[in-house]
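There are 2 protein chains.
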Amino acid sequence: MPATPGVPAATVGRLVTYLRLLTAMEERGVRTTSSDELAGRSHVSAFQVRKDLAYFGRFGTRGAGYTVATLRRELRRILGLTRPWNVAIMGMGRLGQALADYPNFDEYDFRLVAAFDADPAKAGLPAGGLFVEGLEVLPARATELTIDLAFLTVPGPAAQAAADALVAAGIRGILNFAPAVLEVPPHVHVEPVDLMAGLKRLSYHVVARAEDDAA
Amino acid sequence: MPATPGVPAATVGRLVTYLRLLTAMEERGVRTTSSDELAGRSHVSAFQVRKDLAYFGRFGTRGAGYTVATLRRELRRILGLTRPWNVAIMGMGRLGQALADYPNFDEYDFRLVAAFDADPAKAGLPAGGLFVEGLEVLPARATELTIDLAFLTVPGPAAQAAADALVAAGIRGILNFAPAVLEVPPHVHVEPVDLMAGLKRLSYHVVARAEDDAA
Numbered sequence: 001m002p003a004t005p006g007v008p009a010a011t012v013g014r015l016v017t018y019l020r021l022l023t024a025m026e027e028r029g030v031r032t033t034s035s036d037e038l039a040g041r042s043h044v045s046a047f048q049v050r051k052d053l054a055y056f057g058r059f060g061t062r063g064a065g066y067t068v069a070t071l072r073r074e075l076r077r078i079l080g081l082t083r084p085w086n087v088a089i090m091g092m093g094r095l096g097q098a099l100a101d102y103p104n105f106d107e108y109d110f111r112l113v114a115a116f117d118a119d120p121a122k123a124g125l126p127a128g129g130l131f132v133e134g135l136e137v138l139p140a141r142a143t144e145l146t147i148d149l150a151f152l153t154v155p156g157p158a159a160q161a162a163a164d165a166l167v168a169a170g171i172r173g174i175l176n177f178a179p180a181v182l183e184v185p186p187h188v189h190v191e192p193v194d195l196m197a198g199l200k201r202l203s204y205h206v207v208a209r210a211e212d213d214a215a
Numbered sequence: 001m002p003a004t005p006g007v008p009a010a011t012v013g014r015l016v017t018y019l020r021l022l023t024a025m026e027e028r029g030v031r032t033t034s035s036d037e038l039a040g041r042s043h044v045s046a047f048q049v050r051k052d053l054a055y056f057g058r059f060g061t062r063g064a065g066y067t068v069a070t071l072r073r074e075l076r077r078i079l080g081l082t083r084p085w086n087v088a089i090m091g092m093g094r095l096g097q098a099l100a101d102y103p104n105f106d107e108y109d110f111r112l113v114a115a116f117d118a119d120p121a122k123a124g125l126p127a128g129g130l131f132v133e134g135l136e137v138l139p140a141r142a143t144e145l146t147i148d149l150a151f152l153t154v155p156g157p158a159a160q161a162a163a164d165a166l167v168a169a170g171i172r173g174i175l176n177f178a179p180a181v182l183e184v185p186p187h188v189h190v191e192p193v194d195l196m197a198g199l200k201r202l203s204y205h206v207v208a209r210a211e212d213d214a215a
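Chains as they are written, first to last, in this note's numbering: chain R, 1 to 215; chain P, 1 to 215.
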């Protein structure tokens, strides 16, 4: 597949949503869908759905919509979810431990293969089905295990140094849970995760419902 | 403020993004902005920005755009971020502990006021600046501390019972980290958090960059 330049990050986020909807439709035995239906369930316009998909080609038939199984397969391919991904956790504090224990980790063949921490006292501790390893073995283990991606779960002040170590070891994608903006070379992608963003959506809905009740 | 019915969840998510952009602009001393600029930085169309804001009134001046400070203040008000929110954590496993320790928790006056766990062995353990309390005191403490919102961080099989206990104690908003779909009464809002969604966005970007490098 040729590279697809200029796809907005928000489009990628919506493709993940469309894929989730298509998976649920397939599980319910639904065979076809439309940009209107995908739009309604993901709270964007049908035009936005068609525009998001148009970055990658033509998937539907005018008037007939989309075949659920076909579009789901195409989105899996576009999102890189048809191959296995070897994932490491960097930083085995409480968040790192919680992610190691998280269920459904291997959905779409994401495989947790290693867990690292800078603190020698943590080496050898169990983490999910693994044991924590020291940073000194990261380069060798990254090659040996072909680690592709990493969760970065260290404290904010330690985040850049930990990211540098991951990049030096050849990791190409970092899911950044640390409250820090990271500088990485252009061939590495950082995806930030804001654990508190949900609180702001929640406060809106709680206020809106209280007003509904009072109305 | 009258209730605003029918605002899509995705609009609320985008308002949170616009507010973050406006806060960054204000910190840089930027005084005015436009729907084009907000659109470009949040990767949606300018029409979408105007439509999202139009649910709540008229904020800009045709041709002159938006005053950053005014729009930021209005979005804070709309999102319910001008008042304090008392938040509890339900489930003091590793994820609960990690959230209790998370920095910048009190951004926009979210206040962590209590931490609960069903396991009596955890009662009294430190959690952030608090001590873990047993479920038997939840109803009394919820009233005494006027707890508004809760992080639900229990294992999936325990999630519905924990949510029921929160609802019975008067909590009106739940940020659900548990891998479970919750049933709650209509006056309660559940906001799901998928810790693994970021992995799917990450895999897309890593594949896209590898193809760019190969091209």
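To be clear, the hints were calculated from the coordinates, so they are not data collected in a lab.
Fair warning: this is a prediction, and the values are worked out from it, not measured in the lab.
Glycine included, each C-beta is placed from N, C-alpha and C at the ideal position.
One thing to keep in mind: the hints can contain errors.
[Stated by the list, open to error] Partial list, computed: chain R residues near chain P (C-beta under 7 Å):
1) G13
2) V44
3) W85
4) V184
5) H187
6) L202
7) Y204
[Stated by the list, open to error] Listed below are several chain R residues computed to face chain P (Cβ distance under 8 Å; list not exhaustive):
8) V113
9) A197
10) G198
**Study point:** When the least beta-carbon distance from R:A197 to chain P is tested against 8 Å, hint result
**Key:** holds, 6 Å
Exercise for review: Under 7 Å, Cβ to Cβ, is where R:L202 needs to be relative to chain P, so tell me if that hint holds or is violated.
Suggested key: With a closest approach of 4 Å, the R:L202 hint holds.
Review point. Holds or violated: is the Cβ of R:H187 closer than 7 Å to a Cβ in chain P?
Key: holds, 6 Å
Check your understanding: Does the interface hint hold: is R:V44 within less than 7 Å of chain P, judged Cβ to Cβ?
Key -> Since the shortest Cβ distance to chain P is 6 Å, the answer is holds.
Review point. Should the interface hint for R:G198 be scored as holding, given a Cβ-Cβ cut-off of 8 Å against chain P?
Key: With a closest approach of 5 Å, the R:G198 hint holds.
**Study point:** Restraint satisfaction for R:V184 [CB to CB of chain P, less than 7 Å]
**Key:** At 11 Å from the nearest chain P Cβ, R:V184 fails the 7 Å test, so the hint is violated.
Point to revise | Minimum beta-carbon distance criterion (7 Å), R:G13 to chain P | key: holds, 6 Å
Practice item. With chain P as the partner, please determine if R:W85 meets the hint condition of a C-beta pair closer than 7 Å. Key: holds, 6 Å
Review point. Holds or violated: R:Y204 as interface residue toward chain P, Cβ cutoff 7 Å?
Key: holds, 5 Å
Exercise for review: Would you settle whether the hint for R:V113 is holds or violated, based on the nearest Cβ-Cβ distance to chain P being less than 8 Å?
Suggested key: The hint is violated - R:V113 has no Cβ within 8 Å of chain P, the shortest such distance being about 14 Å.
Hint compliance for this structure: hints 4 and 8 are broken, all remaining hints hold.
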